[in-house]
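Visitor: Residue numbering for the sequence shown follows this note's numbering, starting at 1 and increasing by one per position.
Hints in this document: simulated from the structure, not taken from any laboratory.
It cannot be assumed that every hint is accurate.
Stated by the list, open to error - Taking lysine-lysine pairs in the DSS-like style, the calculated list, with each CA pair at most 25 Å apart, reads:
id, residue 1, residue 2
1, K81, K63
2, K18, K81
3, K115, K63
4, K72, K18
5, K105, K35
6, K101, K72
7, K18, K58
8, K81, K105
9, K101, K63
10, K105, K72
11, K78, K107
12, K59, K107
13, K54, K64
14, K101, K81
Bear in mind the structure is a predicted one, so any value in this text is a computation, not a measurement.
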Amino acid sequence: MKDEVCPIFDVTNFFNRKWILCIMMDMFRGKNRFKEFKQSNPSLSNYILSQTLKDMEKKDLIKKVRIDHSIKYELTPKGLKANKMLYEMTLFSLSELECSKLNEKTKNALFKEYKKALCDDYNEK
Numbered sequence: 001m002k003d004e005v006c007p008i009f010d011v012t013n014f015f016n017r018k019w020i021l022c023i024m025m026d027m028f029r030g031k032n033r034f035k036e037f038k039q040s041n042p043s044l045s046n047y048i049l050s051q052t053l054k055d056m057e058k059k060d061l062i063k064k065v066r067i068d069h070s071i072k073y074e075l076t077p078k079g080l081k082a083n084k085m086l087y088e089m090t091l092f093s094l095s096e097l098e099c100s101k102l103n104e105k106t107k108n109a110l111f112k113e114y115k116k117a118l119c120d121d122y123n124e125k
């Protein structure tokens, strides 16, 4: 059917930039500045990071906050709603993808860290 709606296509199209989900994960883990995003993702160029942050602002996933002479980014209510999706993606990665090759101790540590970042702090929001 021509007019069929596919929610999965909509979501993948919305999060179409390679780095959006990585930056959002950084934000759920407490990072909120350009330099911190760059340190977490060293292969990400300054230009691509800048463009991705602008795209995320345009999509209302984050907002830019100026404090004195510095800038930080915050997740919007819309961005916060992605926590469950990111959590499920983390679980899938830990069990089925490259992360599944990690030893159990490392996987459990990652799982706890991501669960705390994605579930504990944002369930109420």
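Visitor: Indicate, hint by hint, whether the structure satisfies it.
Guide: Now the hints, each set against the structure:
Among the hinted pairs, K81 with K63 is consistent with the structure: their alpha-carbon atoms are about 15 Å apart, no more than 25 Å. A C-alpha spacing of about 19 Å is found between K18 and K81, which places the hinted pair at or below 25 Å, so the restraint holds. About 24 Å separates the Cα atoms of K115 and K63, which keeps this hinted pair within 25 Å; it holds. For the suggested pair K72 and K18, the alpha carbons sit about 21 Å apart, so the restraint of at most 25 Å is met.
Distance restraint check for K105 and K35: the Cα-Cα separation of roughly 30 Å exceeds the 25 Å cut-off, and the hinted pair is therefore not satisfied. Among the hinted pairs, K101 with K72 is inconsistent with the structure: their alpha-carbon atoms are about 35 Å apart, more than 25 Å. Taking the CA atoms of K18 and K58, the gap is about 16 Å. The hint holds against a cut of 25 Å. Restraint check for K81 and K105: not satisfied, since their Cα atoms lie roughly 29 Å apart, outside the 25 Å limit.
Note on K101 and K63: the hinted pairing is violated, with a Cα-Cα distance of about 36 Å set against a maximum of 25 Å. Of the pairs offered as hints, the one joining K105 and K72 is violated, with about 34 Å between alpha carbons and a cut-off of 25 Å exceeded. Proposed proximity of K78 and K107 is contradicted: the alpha carbons are some 29 Å apart, above 25 Å. Using a Cα cut-off of 25 Å, the hinted pair K59 and K107 is violated, with the two alpha carbons roughly 32 Å apart.
For the proposed pair K54 and K64, the alpha carbon gap of about 9 Å is at most 25 Å, so the pair holds. A hinted pair counts as satisfied when its Cα atoms are at most 25 Å apart, and K101 with K81 does not qualify at roughly 29 Å.
When held up to the earlier numbered hints, the structure conflicts with 5, 6, 8, 9, 10, 11, 12, 14 and fits the remainder.
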